[in-house]
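2 protein chains.
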Amino acid sequence: MATKQPTRIESLGEFGLIDRLISGIEAHDPTTLTGAGDDAAVIDCGNGRVMVVSTDMLVEGIDFDLTYFPLKHLGYKVVTRGISDIIAMNARPSQILLSLGVSSKISVEALEELYEGARAACDRFGIDIAGGDTTASMNGLVINITALGQAERDRLVYRSGASQHDLICISGNMGAAYMGLHLLEREKRVLNDIDNPEPQFEGYEYLLEKYLKPQPRIDIVEALAEEGIRPTSMIDLSDGLASDLIQICRSSRCGARIYLERIPIARQTTALAEQMHIDPVVAALNGGEDHELLFTVPLAMQEKIMRLGLVDVIGHITAEESGVCLVTPDGENIALRAPAFDRR
Amino acid sequence: MATKQPTRIESLGEFGLIDRLISGIEAHDPTTLTGAGDDAAVIDCGNGRVMVVSTDMLVEGIDFDLTYFPLKHLGYKVVTRGISDIIAMNARPSQILLSLGVSSKISVEALEELYEGARAACDRFGIDIAGGDTTASMNGLVINITALGQAERDRLVYRSGASQHDLICISGNMGAAYMGLHLLEREKRVLNDIDNPEPQFEGYEYLLEKYLKPQPRIDIVEALAEEGIRPTSMIDLSDGLASDLIQICRSSRCGARIYLERIPIARQTTALAEQMHIDPVVAALNGGEDHELLFTVPLAMQEKIMRLGLVDVIGHITAEESGVCLVTPDGENIALRAPAFDRR
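Protein sequence lines correspond, in order, to chains A and B.
For the record, in the first sequence the residue sitting at position 250 is 250 according to the numbering used here, with numbers rising by one throughout.
For the record, in the second sequence the residue sitting at position 308 is 308 according to the numbering used here, with numbers rising by one throughout.
Looking at chain A on its own, in the form it has when it is part of the complex:
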């Protein structure tokens, strides 16, 4: 490294970085069924059942801003994030472990608030806080969540199972969490020097809720199971529709075509985006943290999916050579790209 210029992480993008770090890793343990590269790792329990495990780190100043993120909501959201990874494998979430790095400016009461939110989410979804670690931190709060779940081995859904002609389905709507974040950032800027700030949130409560207290879509996987629909691939929408769809296509070695006018966008999302001169479609495609589910089902399931009334079909899987495209209402094809490594 003395003579060569070091490579900046941004130059690789997040996918490129992870690919480079895990390239050539060989499995040693026979219980490792799937390693890095999906929402969660899959570990064989030996009786037709598997354990799925995911890990996620959230850093103050990058992933959340404590000036407007109530700690109770943050605790809730962290759990949603962990659970979402597990249900995206079509598994039942059962435990979480929380690691905290806390700076001296954080009080015991503040940590209790964080835990209160985490416990509320766990209570709601029947999940246990099974352990954790608390360490000091030089600057700000760092949270790592490990989430665990169980499933029958043959019920699991991977990112890699999509095939040509499959329908691309989505729960909820896109870009709301992203606009919720923009709203909070705007009010923070506006009210920066004011003594008794009164932020203006009327009419945008839904966006705040989606950003500050998103719900994991356990209801969707339960409804799919009840109807006998097993997705061919699935992913938790954490990085944004474009990025997460590309992940499915990379893993499944396929292309995709989604139709702009079919992407569900909430009224409040469109209204605030227009007010802030942001293209609502950009919010919907690149805004992360919606924690909705993106999945594919065989074409033959079309009627069943429609009857469900819970999800939207936004396009279909194509051959790998066709790439990942957004089709505009006037028929234009726009190639989708994953955003670069995020250093907000």
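If you are wondering where the hints come from, they were derived from the structure by calculation, not from laboratory data.
Warning: the hint list may mix true and false statements.
For identical chains, the list gives no copy identity; a pair is met inside one copy or between any two copies.
[Said to hold, decoys possible] Listed below are the simulated DMTMM-like cross-link pairs for lysine to aspartate or glutamate, each with C-alpha atoms no more than 25 Å apart in a straight line:
1) 304 to 26
2) 213 to 320
3) 213 to 133
4) 72 to 19
5) 213 to 29
6) 304 to 187
Note that the structure is a prediction, hence the values are computed from the model and not measured.
Given chain A's structure and the hints, the job is docking chain B onto it.
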């Protein structure tokens, strides 16, 4: 919180903080066998087998200093830390997941070095890197390791199983990692303003190795299993002998008496401690990160344990009322206390 003074974390100590955060948590999921409060959480796999899971966060500037901690060694040590928690449950470690928070000053090559060290440890002990997460960080490097292992349910060893008259055993020697850290800190101070620093490490290579590249004592649990010795309680020595012994006593509701002259201390540890005017016994009792094993066995196992030739018997378990004591060579009893929450 507006009228009441917030409680500083230091005022509770680390045990107190964790107790307060997890107090009153009720289990929801029947697969959660043991939650917070041991080296690892225990999850039922349903066929007489269990999965054990631990999580640990390491923060730059608190847990490591990159000015003298080579990234390759850091990767190795992080894995040792994870594995140690799993073997302290008498389980076989099988997978790890790594989360990284990286600031923009870290290059791709630096992360590759870190991974190289982690992979070397995984290769050596037959463990898989099964997943992870990479996020940005405002300040410095944050690493979280989740470690997983499996065991037969009735083979597990908890912190809570020690009973009166059990022998207290220890692998390796105490305080070496702590003195290794002191040596590195001293050379950093001395060589701070020098252009081509040449640190003086001769004669203390063992201490550096213990601090920078500790080995998880898988050999000990394997030897115990071969001899048919099942510890009644066990803990990984990460916080220091005094603190970790107190943990066993708290969990097992018992007291302990250990004998000062029986605590194994390496020659290099004593030599450097004396040179630096540190009491070697203080280093041995309070110095953390040795990653040796502290465990108890029934008194009847005494001969078997001695024959093993791998561990030292340093004392025995007493009634809870007697407290946790260090007995000096002249027969004095000194009560041991856990150090406060560490904000180095």
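Results of checking the hints against the structure:
no.: 1; hint: 304 to 26; result: neither (41 Å within a copy, 39 Å between copies)
no.: 2; hint: 213 to 320; result: neither (36 Å within a copy, 45 Å between copies)
no.: 3; hint: 213 to 133; result: both (24 Å within a copy, 22 Å between copies)
no.: 4; hint: 72 to 19; result: between (35 Å within a copy, 19 Å between copies)
no.: 5; hint: 213 to 29; result: between (38 Å within a copy, 23 Å between copies)
no.: 6; hint: 304 to 187; result: neither (44 Å within a copy, 70 Å between copies)
The structure is inconsistent with the numbered hints 1, 2 and 6, although it conforms to all the rest.
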